[in-house]
Every structure is written in structure tokens, then in C-alpha cells.
Amino acid sequence: MFDRSIASVVLAAALIAAIGGAQAHDDSKYPNWKGQWIRVGGGQGAPWDPGKPWGRGQEAPLTGEYQAIFEANLADQAAGGQGTDPTYRCIPSGMPRIMIAVQPMEIVVTPETTYVMLELFTTLRRIFTDGRAWPAEIEPSFAGYSIGTWEDTDGDGRYDTLVVETRGLKGPRTYDSSGLPFHKDGQTVIKERISLDRANPAVLQNEVTTIDNALTRPWTVKRSYRRVPREPPVWSEYICSEDNRHVLIGNENYVVSGDGLLMPVRKGQPPPDLRHFQSQK
Amino acid sequence: MLSRYSIGSGALAAALSMAVPGALAFDETKYPDWKGQWIRIGPGAYDPARPGGKGQQPPLTAEYQAIWEANRAEEAAGGQHYNPPARCLPAGMPRMMVAYEPMEIIVTPDITYVHVGLSNEFRRIYTDGRDWPERYEPAFAGYSIGRWVDEDGDGRYDVLLVETRGMKGPRVFEASGIPFHENNQTVVKERISLDKANSNVLIDEITTIDNALTRPWTVTRKYRRERNTNWVEFVCAEDNTYVFVGKETYFVSADGYLMPTKKDQPPPDLRYFNQSRK
Chain A
0 MFDRSIASVV LAAALIAAIG GAQAHDDSKY PNWKGQWIRV GGGQGAPWDP
50 GKPWGRGQEA PLTGEYQAIF EANLADQAAG GQGTDPTYRC IPSGMPRIMI
100 AVQPMEIVVT PETTYVMLEL FTTLRRIFTD GRAWPAEIEP SFAGYSIGTW
150 EDTDGDGRYD TLVVETRGLK GPRTYDSSGL PFHKDGQTVI KERISLDRAN
200 PAVLQNEVTT IDNALTRPWT VKRSYRRVPR EPPVWSEYIC SEDNRHVLIG
250 NENYVVSGDG LLMPVRKGQP PPDLRHFQSQ K
Chain B
0 MLSRYSIGSG ALAAALSMAV PGALAFDETK YPDWKGQWIR IGPGAYDPAR
50 PGGKGQQPPL TAEYQAIWEA NRAEEAAGGQ HYNPPARCLP AGMPRMMVAY
100 EPMEIIVTPD ITYVHVGLSN EFRRIYTDGR DWPERYEPAF AGYSIGRWVD
150 EDGDGRYDVL LVETRGMKGP RVFEASGIPF HENNQTVVKE RISLDKANSN
200 VLIDEITTID NALTRPWTVT RKYRRERNTN WVEFVCAEDN TYVFVGKETY
250 FVSADGYLMP TKKDQPPPDL RYFNQSRK
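As given, the protein sequences belong to chains A and B, one line each in that order. Heads up: the first sequence begins at 0 in numbering that gives the first Met the number 0, then just goes up one per residue. Heads up: the second sequence begins at 0 in numbering that gives the first Met the number 0, then just goes up one per residue.
Just to be clear, a hint being listed does not mean it is correct.
Stated by the list, open to error - Within a straight-line C-alpha distance of at most 30 angstroms, the following computed DSSO-like cross-link-like pairs (lysine-lysine) qualify:
1) A/K190 x B/K29
2) A/K28 x B/K53
3) A/K33 x B/K29
4) A/K169 x B/K34
5) A/K28 x B/K221
FYI, nobody ran anything at the bench for these hints, they're computed from the structure. Since this is a predicted model, take the numbers as computed values, not measurements.
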């Protein structure tokens, strides 16, 4: 009897080891989102809502305080500055702006995690679909912390929609290059519904709803991406710092000229203070 | 009859072609379990078995040995111009495999993806049986083709053999500035596998062939697995206090002023500013 117990334990251990090695992954349960995705539409300046013009034309539901911040940023941009858009100094777009997909995107679906790989800023999003709860503490990041659940909305036995919530975002971030701002409290929550277009599986749709204290109500936009038919896809490396000539010294933005000298970016801009150089003392 | 048969076959083929991409058959039992977070074992020197800097003893040609010595002299004087990551450029291959920050490996049948937290460095290793393309755009991470091998014959792949070409510069092997040849004809060959004695250790045997070297240079790097992952985003540009103007490296102080990195370093030339407004 005792020996049979040992045998059972050994058998159970062997089975557990075998299952651990098997890593069963029923790939047929998940949609085919393979390939290279490129944004559809969007117009000049890649505005956040691709259905509306860039800038004020977006009609973002900003509070009065943040509308004023947005207007000041537009004035700065008109004067040659960069406004509130931090990407000129190679700060990543972050969420949700990165989902404009200005450069191509790849999505790799695994049972535990869906990876969204964006060429721009070589951004990697991990959307955890392993059933985890929100952690007690989240280290803020530009991509945020994303938890997703798969839904089989048409009941055909296969998942078709990934429902995602993203929290834990850090700033500075803007919705697009016009400088539409987020609240400085970093409490943005983003909800996405990602699925293939039922009429055209070469089109991926993403309904993105942003909840942020700079907004008077949640702001929903629909973005879509087309699957590039070229096989295999060609991927490029986008390295922001490689060609970036902006230099930030204190709060002043300068550029380095083609001949390697520091230059102002706006008329009458003062040069940097050189008090720490021996020759200036 | 012929046309009916042909049309029937066409319809069947069409139905199959819709069904097959849907199925996405992936026999995961054929591939090794490399899931989790991989953290480098040992120091950040390129060859972790040797001391950093001069102790690396890379087999450089005399010409590139002189370049390395000049880089070390610049480092000693406070400069970082020779070290591309100091200006937020990627380490590129093979240095990115030092994995200064944790690494994730995502295995799929067609592509194995490698992501290293430092500067979000990212590689695709194609394992779909493709040939080298006639042309590829040079990249810091290069273009990698891999092949799975079942070395112990247990029916499951255990070794990924990788060759990487098409790198661009500037790149160095490590922070002391061990250089690559400026022709960027580097070829990197890797053998990646789990340690047979400990499946929570990953081993990457990396051989670099480069015209700055007198012979191929092989180093072995190891990583330990952390199953309870905690991914941290590392954005180089966010906290980088180095400023590069022409060939000079400066610092920006905590209070926002430009500072020299070397003794008696001249300040930047401000000829493009209207000094009369000062």
C-alpha cells in the first residue's frame, strides 16, 4: 500500500513534468493578427482622431485649464518652439499616441501575453492576458501597464476581440504632435477594443477610449490599420537619437548645425550660460 | 467535367487557404521553454570571463588597437564620444547581448524575438527558412537568420544557431571602446541554448568576425531566468545628461547649466547667436 502511494507520487510527478514540458498552446483559439500593420488614413500631422483635422480641429473635450495649456502650446509652436510635445527630444510617444502607428506595427499573440511591437521608438507593449489582477504598485512608464481579456463575440469558438485596459502611465505625453495635453497627475486610463474588420480581415480596428482628468468626458477615437500584403514584411530600425539635432540645456532647446555648432531655434534666443567653464571666469 | 473539377478544386483550395491561416498551427512542444525574464550573469564587460577594459585582450589589428587606446584615453579624460550609447544610440549587435537590462525571448515558429530593456533594443531572428535577402537596410541590431537544432535527439529543439549580418555603426564591443572595423562587415554567429545542468540558465556563445580583429573572437555569456517578471521601461533620452556638440562631450548640470567633462575643455562656439543681445 505504501509502495503504491510512492508509485502514485512518482507517476504524478512524471505527469506534471510532462505537462510542464508540453506548454500546450491551442493557437487555433486566437485570431490571426500576424504580419505588418500600417495605419490607415490620419491626414497631415498624424492627428490623434484620424477623422478630424489636426490641432483645434480635433475638438478634444479638454477642461478650461487644459484648453489654456493647449493654446499656449500652439502659440509656442507657432513661434518656432516645440510646445508641450516631448518627442522632439526622443521621449517616446507613449500610450495612447503610439497606437497611431506612424511607423509599422507587429502584433505577436501568445496565450499569456500579446506583444505589440512598434517601430517608432522601438516601443514594446506587453498586454498581459494571463488573468492577473492589477498589481498593488505599478512603476509608471510611457507604454503603461496593460491587462487584456479575450472575447469570442460571435460565439464561433474562437477569440476575435482583445479588450485592453492600460494604467500606470508617466509623462510628459501628448495625444499627437499638436501638443494636446494629458493631466499632469498621471492618472490616465486607456481602454481599447482591438479586432479585425469583419468585412475585411486585412484591416485591424482599435477603438481607443481615454479617461483623463484633463478631459470633461471620456474621449473615444477609432483607429484602423491595414495589413501589408508583402511577404515577408520588411522591418526597419527607427532610432530617434541617430538623427536628432535637438539639444536641451536647462529649459532651452537648441539645435546642432550641420557643421557641428550650437544654434538657436528662435529669433533672439539667448545662448547657454557658460558660467561653469574656466575660460568664462 | 474538367471545368467542374477545376472549379471544385479552386473552391476547395480557397476554403483551405482561409482555414489554414486561421488554424495557425504552432506545435509549441517542439521548441524549448525560454519564457521569463533573463538577467545577465557576470559583469558588463564584453567578455565576462576577463577583467574589463585592457583586461579584455581583444584580438585587434594594430590599427584598431591604436583606435582602442585612443578611446580609452578619451574615457580617462571624461569624454564619451567614442561610446554611442552615451548619446542614446543603441549598443547594437553583439554588444546588446551583454543585456545590461533584463531580456525577453519570444519564440514562435517563424521568428524568435529578442528584446533587451536597455534602450528598448530589439532583434528579430528569422527561423522560417529564408535565404539572405539580396539587399537589407543596415541596422544596429543587424539582420539575423536562425536555425533550430535538436542536438540531443529527444524530438525537441534545444539549440538556436544564429548568424547576423548587415550591422551599421557606430558600434563598440563595450564601454571601454573596443572598436569594430569602420567597413561594418561584421558577422556574428551565436549558439543559444539552456544550460543542460540548469534550465534556468541560458547560454549564448557569441563569435564575432570583423576586419578589426586578427581572428574570430568568441565569448560566452550567460543569463539567469526570473519567472516572476517585473519589466521596467528604460528610456535613454529621459535622463541623459550628456550633450554632444560637434566632437565635444559636455554635461548638463542638475541646475540646468552646460558643464565641461574634461579639465580646461573649451566651451561651445556660439558664433550663431546674436551676442549683442546678451
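Holds or violated: A/K33 to B/K29, with C-alpha atoms at most 30 angstroms apart: OK: A/K33 and B/K29 at ~20 angstroms, within 30 angstroms.
Agreement of A/K28 and B/K221 with the hint, judged by alpha carbon distance not exceeding 30 angstroms: violated (35 angstroms)
Restraint check for A/K28 with B/K53, where alpha carbons must lie at most 30 angstroms apart: The given pair, whose Cα atoms are some 54 angstroms apart, is violated under the 30 angstroms limit.
Pairwise hint evaluation, B/K34 against A/K169, where the allowed Cα distance is 30 angstroms at most: Holds: A/K169 and B/K34 sit about 27 angstroms apart, inside 30 angstroms.
Pair hint A/K190 and B/K29, alpha-carbon separation not exceeding 30 angstroms: Answer violated: A/K190 to B/K29 is near 36 angstroms, above 30 angstroms.
The structure shown violates the earlier hints numbered 1, 2 and 5.
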